[in-house]
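**Student:** So you can see what is in the structure, the chains are spelled out below.
There are 2 protein chains.
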Amino acid sequence: MVEAVDPQFLRPLAAQNVDRGRAMTFGADKPLTLDSGRQLSPFTLAYMTYGALNADRSNAVLVCHALTGDQFVASAHPVTGKPGWWETMVGPGKPIDTDRFFVICTNVIGGCMGSTGPADIDPATGKPYGLDFPVVTIRDMVRAQAMLIDALGVDKLLCVIGGSMGGMQVLQWAASYPERVFAAVPIATAARHSAQNIAFHEVGRQAIMADPDWNSGNYQLAETRPGKGLAVARMAAHITYLSEAALQRKFGRSLQNREAVSFGFGPDFQIESYLHHQGMTFVDRFDANSYLYITRAMDYFDLAADYGGVLAEAYRGAKTRFCIISFTSDWLFPTVENKRVAHALNAAAANVSFVEIETDRGHDAFLLDEPELFAAVRGFVNAAATVRGVA
Amino acid sequence: MVEAVDPQFLRPLAAQNVDRGRAMTFGADKPLTLDSGRQLSPFTLAYMTYGALNADRSNAVLVCHALTGDQFVASAHPVTGKPGWWETMVGPGKPIDTDRFFVICTNVIGGCMGSTGPADIDPATGKPYGLDFPVVTIRDMVRAQAMLIDALGVDKLLCVIGGSMGGMQVLQWAASYPERVFAAVPIATAARHSAQNIAFHEVGRQAIMADPDWNSGNYQLAETRPGKGLAVARMAAHITYLSEAALQRKFGRSLQNREAVSFGFGPDFQIESYLHHQGMTFVDRFDANSYLYITRAMDYFDLAADYGGVLAEAYRGAKTRFCIISFTSDWLFPTVENKRVAHALNAAAANVSFVEIETDRGHDAFLLDEPELFAAVRGFVNAAATVRGVA
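Going line by line, the protein sequences match chains A and Z.
Taking the working numbering, the leading residue of the first sequence gets 41, the next gets one more, and so forth.
Taking the working numbering, the leading residue of the second sequence gets 41, the next gets one more, and so forth.
Treat the hints with care, since some could be wrong.
One copy or two, either will do: identical chains are not told apart, so a pair holds if it fits within one copy or between any two.
[Claimed, not checked] Subject to a maximum C-alpha distance of 25 angstroms in a straight line, what follows is the list of computed SDA-like cross-link-like pairs (lysine to any residue): (1) Lys70 with Val194; (2) Lys196 with Gly349; (3) Lys379 with Thr368; (4) Lys196 with Asp160; (5) Lys167 with Ser302; (6) Lys290 with Glu398; (7) Lys379 with Ala286; (8) Lys379 with Thr399.
Calculated from the structure, these hints are not laboratory results.
What you are looking at is a predicted structure, and each value in this text was computed from that prediction instead of being measured.
In isolation and in its complexed conformation, chain A is listed as follows (with noise of 0.2 angstroms):
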């Protein structure tokens, strides 16, 4: 006997009732074998598409999401109607020109915009996956974007590009499938999750699970929603974001609507109104559990030790062009490990250039107005496109 579950309860506010774009799923036939030796069965993909696949087939473009991202790259967020999320970057005349090639975006396999994830109903017993859900690695969620791939009729892609928890999505498609990716961007991100970074996870995993609105990730069935830990999480990850440059110069000391300090504990500062609303607006758009299960997928990414701890060897003989991109003032993947990336393709003979761009906004850069990433990103994707004979 299966307790029902209201509705409304099975996925984050933001995701119910709105179109979450494209949607492919796979059945009983094909199931998701996952690092971890379990099997994902059926799963669903959600996905969007910009632009024309051309004749050749050799003009697709894959862009994959960070942490917190879906799959409305360069077209409204359904449920914020906020621009796409990477719409500078993506669209008609933009660097990755839409006129030009046949883009790609999935939600990543774990998500909550529509992709299998741990709010879904696990057929087994017909409730909501909760912890049952498997834990995903990066490798898992590019398997499955494989697989996509292949349904929609692309055999090579003319280039995989990400930022962040994206371009480790990158770096894993250009060393599980060196023949598939003809180009690859990886941008402010690394080969490995480092120990400072994992820190700052494990805080905000502690964060929701001590909220008693998590229920031991059984919220669905409890009809509660842990959104004070998953707001604390989300204040705690949006200052690593930033830089303290940034935050200065945003911000500083500056006090929100008032003369004077109150005496008190509520929000003084403009820099402590800006954290709550990036809390409050993100527990509408994006589930705890999801939450959890993507920020574990990035912790284990450590690309090396499939290869004997040898990166270079994850890339021996790749054909694959990279252009490997990194901001100054980010300190959640600094240039130094963006280099690491660099050093070993350079060992593998591979074909790479790097870019470090100068800026004060911190790993959220990749997501904001710089003009050298575009222009970067613009000139190697034409190049790579013209080498490949895209008209």
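Given chain A, work out where chain Z should sit, using these hints.
**Tutor:** Showing chain Z alone in chain A's frame:
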């Protein structure tokens, strides 16, 4: 009719039924007038002294503790049994030599190791203060200390020294009571709390206040303990006390008592176990409301704001000798913030020396075995003592 409170909920576990050293209570005739305009009366300062005051009363050194510190600077902590938090710096034959100097250290007002704080009984209600305790500032902490120093018969301190929030108190002492401070050693600190630091503090406070066991600050009456929230706050803060390099060196991606990742949400990584330990041990020795109050005091600290925004004005005509110390890998109170103080002192034509110590240990370096730190402090304090004619 006042509700009875189970005494075990009046203080954090650590502060119950233990010797909290010496204490001085200031009665109704000596209220503490606070920056908020409120008065605290009666109030108690818990403190420890080491060494003996000389006949000239010229050898007193005031040590100011950091956010989670206490008065047990050079003797075992009565609860944890661990050595005093700065025994490497203070003691017989140590850089601050208790065979030569009379060392005083007080628990700050708002604290939870014996000085009056939010866990204490409000005489007006007979109940614990909770959030009715007045918000205090760094200047309020220093005002209270000055009253204690008066009561101990010390007119002028040979030296005031401290790191982090202790350094803020040092800077405030030299500004508020220039004639009472012969020498000052602010370490790893700043004359204002930065936007990023306020942000991290706010995350910690939100974690505490999100814990339902916090009960709007009235957890003692409710006989609960917001331990989960306080632990999350401590974990987040602890990351900021270290450096990325030190975390990588100490933990890297090493697993905790296992050969492979678990594909679960337990502490797979050593850094996770370490953080959990930091969180769990902290809640036994610290009061959650005190954490709110003391972090708020740090956030409010902006010394220049009291002097028309010009920090140098805080030290105009100062005769105090300053030794400012920072650490290369400290990103919480980076060298640039410490240098701002040095520049202001230079602008005020004060006597100032500045030392930046090369280390990868981050902010916590001021508490660790750093020979260059000890050498700098020993030399500076001894020179000051000699100039002042201390035998």
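**Student:** Which hints, by number, does the structure contradict?
**Tutor:** 2 and 4
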